[in-house]
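Protein chains: 4
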Amino acid sequence: MIDVQNQIDDRGIKIQRTGISGVYLPLIILNQNVLAKIKFTVALNKNTRGTHMSRLAEILTDYVNISLKISDVEKILRDAIEKLETNFSAVEIAFKFFVKKIAPVSERESLLDIDCKFVGELSKNSSMKFILNLAVPFTSLCPCSKEISDFGAHNQRSVCRVQLEFSDTEKLDEINIFEIVDLIESQGSSKIFPILKREDEKFVTETAYKNPKFVEDILRDIVLALREIKNLSAFEVECENFESIHNHSAFAFQKENFEK
Amino acid sequence: MIDVQNQIDDRGIKIQRTGISGVYLPLIILNQNVLAKIKFTVALNKNTRGTHMSRLAEILTDYVNISLKISDVEKILRDAIEKLETNFSAVEIAFKFFVKKIAPVSERESLLDIDCKFVGELSKNSSMKFILNLAVPFTSLCPCSKEISDFGAHNQRSVCRVQLEFSDTEKLDEINIFEIVDLIESQGSSKIFPILKREDEKFVTETAYKNPKFVEDILRDIVLALREIKNLSAFEVECENFESIHNHSAFAFQKENFEK
Amino acid sequence: MIDVQNQIDDRGIKIQRTGISGVYLPLIILNQNVLAKIKFTVALNKNTRGTHMSRLAEILTDYVNISLKISDVEKILRDAIEKLETNFSAVEIAFKFFVKKIAPVSERESLLDIDCKFVGELSKNSSMKFILNLAVPFTSLCPCSKEISDFGAHNQRSVCRVQLEFSDTEKLDEINIFEIVDLIESQGSSKIFPILKREDEKFVTETAYKNPKFVEDILRDIVLALREIKNLSAFEVECENFESIHNHSAFAFQKENFEK
Amino acid sequence: MIDVQNQIDDRGIKIQRTGISGVYLPLIILNQNVLAKIKFTVALNKNTRGTHMSRLAEILTDYVNISLKISDVEKILRDAIEKLETNFSAVEIAFKFFVKKIAPVSERESLLDIDCKFVGELSKNSSMKFILNLAVPFTSLCPCSKEISDFGAHNQRSVCRVQLEFSDTEKLDEINIFEIVDLIESQGSSKIFPILKREDEKFVTETAYKNPKFVEDILRDIVLALREIKNLSAFEVECENFESIHNHSAFAFQKENFEK
Chain A
-2 MIDVQNQIDD
8 RGIKIQRTGI
18 SGVYLPLIIL
28 NQNVLAKIKF
38 TVALNKNTRG
48 THMSRLAEIL
58 TDYVNISLKI
68 SDVEKILRDA
78 IEKLETNFSA
88 VEIAFKFFVK
98 KIAPVSERES
108 LLDIDCKFVG
118 ELSKNSSMKF
128 ILNLAVPFTS
138 LCPCSKEISD
148 FGAHNQRSVC
158 RVQLEFSDTE
168 KLDEINIFEI
178 VDLIESQGSS
188 KIFPILKRED
198 EKFVTETAYK
208 NPKFVEDILR
218 DIVLALREIK
228 NLSAFEVECE
238 NFESIHNHSA
248 FAFQKENFEK
Chain B
-2 MIDVQNQIDD
8 RGIKIQRTGI
18 SGVYLPLIIL
28 NQNVLAKIKF
38 TVALNKNTRG
48 THMSRLAEIL
58 TDYVNISLKI
68 SDVEKILRDA
78 IEKLETNFSA
88 VEIAFKFFVK
98 KIAPVSERES
108 LLDIDCKFVG
118 ELSKNSSMKF
128 ILNLAVPFTS
138 LCPCSKEISD
148 FGAHNQRSVC
158 RVQLEFSDTE
168 KLDEINIFEI
178 VDLIESQGSS
188 KIFPILKRED
198 EKFVTETAYK
208 NPKFVEDILR
218 DIVLALREIK
228 NLSAFEVECE
238 NFESIHNHSA
248 FAFQKENFEK
Chain C
-2 MIDVQNQIDD
8 RGIKIQRTGI
18 SGVYLPLIIL
28 NQNVLAKIKF
38 TVALNKNTRG
48 THMSRLAEIL
58 TDYVNISLKI
68 SDVEKILRDA
78 IEKLETNFSA
88 VEIAFKFFVK
98 KIAPVSERES
108 LLDIDCKFVG
118 ELSKNSSMKF
128 ILNLAVPFTS
138 LCPCSKEISD
148 FGAHNQRSVC
158 RVQLEFSDTE
168 KLDEINIFEI
178 VDLIESQGSS
188 KIFPILKRED
198 EKFVTETAYK
208 NPKFVEDILR
218 DIVLALREIK
228 NLSAFEVECE
238 NFESIHNHSA
248 FAFQKENFEK
Chain D
-2 MIDVQNQIDD
8 RGIKIQRTGI
18 SGVYLPLIIL
28 NQNVLAKIKF
38 TVALNKNTRG
48 THMSRLAEIL
58 TDYVNISLKI
68 SDVEKILRDA
78 IEKLETNFSA
88 VEIAFKFFVK
98 KIAPVSERES
108 LLDIDCKFVG
118 ELSKNSSMKF
128 ILNLAVPFTS
138 LCPCSKEISD
148 FGAHNQRSVC
158 RVQLEFSDTE
168 KLDEINIFEI
178 VDLIESQGSS
188 KIFPILKRED
198 EKFVTETAYK
208 NPKFVEDILR
218 DIVLALREIK
228 NLSAFEVECE
238 NFESIHNHSA
248 FAFQKENFEK
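Protein chains in written order, with this note's numbering: chain A, -2 to 257; chain B, -2 to 257; chain C, -2 to 257; chain D, -2 to 257.
Hint data in this document are derived by calculation from the structure and do not stem from the laboratory.
Watch out, some of these pointers could steer you wrong.
Identical copies go unnamed one by one, so any copy, or any two together, can satisfy a pair.
Stated by the list, open to error - Here are the simulated BS3-like cross-link-like pairs (lysine-lysine), alpha carbons at most 27 Å apart as the crow flies: (1) Lys207 - Lys11; (2) Lys194 - Lys80; (3) Lys168 - Lys72; (4) Lys252 - Lys80.
Just chain A, with the same shape it has in the complex (with noise of 0.2 Å):
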């Protein structure tokens, strides 16, 4: 059977990422069994006319029962480094993870859903760069409807979404990513709970109200936070308030590189 992909191309064109996205499999990440949503890619020589991508899947399909470390995303790029006789690799691992969270009056725990990406990627030589992606709700309350209005103050829930990139991929098994989701939800003007009694809800309203935050302070706070994360090597950051009072969102965003 001939082998269209081996065919000679004389394009001329090195691709830098060809592969398969949108696979769904279920996968034990964070000691989780989680769903995640992948997208796999390895650099094609400019020689070759395409990639065997049934192999990428084989690799993800290696890993199912398998728990993952962050360090073991290293491993999935080598085995396509390998396998696909290519010189780079990169993954993108999508998955929501749960948090446990204990209701600040009752103590009632609950699980709150968490929005993760790990985006590895991989050259022949080299050590692995690895990008942490993290979406955490939060309240947020607004300083200025607070100080204009005679009594209540609007708010509603928002969203902090980084990318954190770590320098040292020795150390990327010590990122503790349940640290990382308290630290941005602190920044909040409170944090979320799924489950709430009403001396829950109580202590909840209050603590937003005394602690009233525009998306700049949300976002500046976060900032400061981030910088003191260990093994950092840069962020971006962007948070959205999804406004009670308008149709559309508050939002502000920043950048920024720790790298000589």
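Could you slot chains B, C and D onto chain A? The hints should help.
Positioned in the frame of chain A, the structure of chains B, C and D alone reads:
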């Protein structure tokens, strides 16, 4: 060229609806230029293998530069019945339109986007069944949170989605969609506006605080309001509060039918 | 602390459904760890102002580590009726699960994601009404395109979405969801697979070409297949072909009810 | 009334971008009435607590009835720099527009929807950076499937998404977006059309079969085509085939920068 669609089918199944979906076209509705997403189907008799999908696309294209009234939906459906030689046709035309909003104090004008869908169904020797879908946003402020807290009250953006079925198809063009939008958004804790100056923000904040409503309160008030709409034969209504203190929504639903 | 929800309501409206939506939780269904998106509602009597939403979240959290059979949906609903002191409850649990696929020639194993939703409704002194929703992908190849073209035939990914209502609630755990998925995907021009080696790709390509089907053909064959499922009291089915020659879909829909 | 936004901030962080997102407005672009989804942000100096979001909404509203050329995006950005007293502004305007398509044999006319986004960024004493985003659909037919199969070949809808950065901002209004769409869709196995009569369907089917292309072939041909566009300083391109034989996509990506 063989007409494969016209081949005889012997499975004995009259198909209730077959046609095209996910069709985007620029239409003129409510005197506004809208981006419409359309599903357009017909019944197919039990002896015929397939319908002629391209004719459905041709009919829709005929209506691109024509300003459509609600009653014109019936013309589209009659075209389908005639050109596809069937006895039933149905169309769903979903679009965003804009409502002019005037800020409550500064009186600044702005445009609020509202999701709308026209659903028409026509049997050959009958008049059109018409259902109007609207999704209207507003603010809700929680009565429990206000009552139990020493200050403040959680609030959030909410949306009410209605499906309104009208009985007297002679009078469809008398339906005042802008009035219905206003009727619905008046049942929240406060209306929302794309542009609010500080004096307006104070007004909206205080209005919501003085007017706390559970999702159930809003649902009940909208039910009472909808019952007063002329010529309504049935409705479904759902309200969703994008809770600022949770990562999920509070939700309520009601369905009524006034037909004998 | 005042129980505002328990205040008396005098609008005279019994609310059919009120509760929480957009709740994500990790559940165990079909012996798989799934990410569930849940809507959970109860009826609210006409004299009470609001329901106790947090109790609904608590009930769901109770089921996080328990392997759920279909019949267990009724337990969740009974918990709601009891703890919310109501006479009706409803739940929708949407999730992806995975079906093991074996490539037709190479026999490579892979996992195909299928969208599923359990819908349960329970009235106090009655048995549960249960509706199974599935969305099953496959390939469709156009008979007209094959017939009129000198070579080739356009084909595309398709999806069939079914809503299956079962009558005998004693036998819900006898429903074999994997068999139903197989039954549905068998009606396309060819099944699809996450991993296909070249010999498999040849098989799938030729199978589809030998088995051309309009969206109407697929719908009719699925209708015939569904009629044979035991204990089915009603179904709705829609098929959508993501046409490779258009930017829109071909679509067909059928609804049948076997109740007397 | 206190201007809380104007309070002094001592965290020492100049915010790169803050403003509004998810704003829908009806605009006139490319002489078409479009539904625009907009993100509009400005930089905020390190001493000021918050920006005046309502002014951004006011600026956008000013442009509702004005026909916009690409160069007018710079006017919007200059308005923001002036009215928000900042030195940087950015805007993203996403919309669908329509391309007139003529069926290849019957010559029927129809309208194909194309996703577009204008991205403009402006620093105070500089000219605008402009990036054009397009998503163009077409058909792809698999060369491997064609080669190894005795008959037929799998094919599917594909989309190419490009980000094109232009260098000479004096000549932005010379960009012919319709030509670029045509250039991109010409690199697939066949163009697609909203309305195809049987003779057209034969033409499209046979054209695709005679022109098999991997996602990598399409990417490379688009890269070659884009390199010929005048005034282009950089581009990113990704192609996605919604594989008819899988439930996932084949994907390829390339990025080039011509700046010295």
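Status of the hints after comparison with the structure:
no.	hint	result
1	Lys207 - Lys11	between (57 Å within a copy, 25 Å between copies)
2	Lys194 - Lys80	between (54 Å within a copy, 15 Å between copies)
3	Lys168 - Lys72	within (15 Å within a copy, 46 Å between copies)
4	Lys252 - Lys80	between (36 Å within a copy, 25 Å between copies)
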